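Enquirer: Given the sequences, and given the hints that come with them, work out the whole structure.
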Amino acid sequence: MMNYQEVIDTYKQAISAYGEKAQKLMAIEEMSELTKEICKDFRGKLDREHLIEEIIDVIITIDQLMMMYEISGDEIEQMRERKIERLKERLEKVNDEIK
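Just so you know, we're using our numbering here: the sequence shown kicks off at 188 and counts up by one.
Simulated from the structure, these hints should not be mistaken for laboratory data.
Be aware that one or more of the hints could be misleading.
Dumping the calculated PhoX-like pairs for lysine-lysine here, alpha-carbon to alpha-carbon at most 20 Å [claimed, not checked]:
1) Lys227 with Lys211
2) Lys227 with Lys208
3) Lys223 with Lys211
Derived Cβ-Cβ restraints for the label pairs, each shown as a range [stated by the list, open to error]:
4) Glu264 with Arg230: 32 to 38 Å
5) Asp234 with Ile258: 27 to 33 Å
6) Leu278 with Ser203: 31 to 37 Å
7) Ile225 with Leu274: 26 to 32 Å
8) Ser259 with Val281: 22 to 28 Å
9) Gln192 with Arg273: 30 to 36 Å
10) Ile263 with Glu220: 28 to 34 Å
11) Lys270 with Asp228: 21 to 27 Å
Since the structure is predicted, the reported quantities are computational estimates derived from the model, not experimental observations.
Heads up, the beta-carbon is just placed ideally off N, CA and C, and yes, glycines get one too.
Expert: Listed below in structure tokens is the structure:
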């Protein structure tokens with residue numbers, strides 16, 4: 188298993204070798220492939236292993252996007268917490284409306 192620095196170095200090498208534009212396009216492509224796998228579930232043709240593979244591909248490309256756009260893990264976590272809190276508030280409103 189790779190350590191953190193090896194992962195970062197691999198991402199940097201990919202960005203350097205293929206270029207930022209290509210890696211950004213790759214992120215779009217990987218998200219599209221994940222979308223396709225999710226759509227297969229609605230048709231009753233979900234391949235769980237392939238879904239996991241596509242999720243990982245998206246995570247890897249998101250990691251690279253974070254590097255290219257200089258977005259820190261802390262920034263992501265802070266925004267994630269705010270978004271989850273907002274979701275929680277919306278759910279509370281929905282639950283209140285149901286009662």
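Enquirer: For every hint, state whether the structure bears it out.
Expert: Consistency of the hints with the structure:
The suggested pairing of Lys227 with Lys211 is violated, with an alpha-carbon distance near 25 Å, which exceeds 20 Å. Between the alpha carbons of Lys227 and Lys208 the distance comes to roughly 29 Å, so the proposed pair goes past 20 Å and is violated. Between Lys223 and Lys211, the direct Cα distance comes to roughly 19 Å. Compliance with the 20 Å bound is thereby established for this hinted pair. One distance hint, 32 to 38 Å for the beta-carbon pair Glu264 and Arg230, holds here, with the actual separation near 35 Å.
The hinted range of 27 to 33 Å is satisfied by Asp234 and Ile258, whose Cβ atoms lie roughly 31 Å apart. Between Leu278 and Ser203 the beta carbon distance is about 43 Å. The supplied range of 31 to 37 Å is therefore violated. At roughly 19 Å, the beta-carbon separation of Ile225 and Leu274 lies outside the given 26 to 32 Å, and the hint is violated. As the Cβ distance of Ser259 to Val281 is approximately 33 Å, the hint placing it in 22 to 28 Å is violated.
A hinted range of 30 to 36 Å for the beta carbons of Gln192 and Arg273 is consistent with their spacing of about 35 Å. For the pair Ile263 and Glu220, the beta carbons lie near 22 Å from each other, so the given range of 28 to 34 Å is not met. Between Lys270 and Asp228, the C-beta spacing of about 24 Å keeps the proposed range 21 to 27 Å intact.
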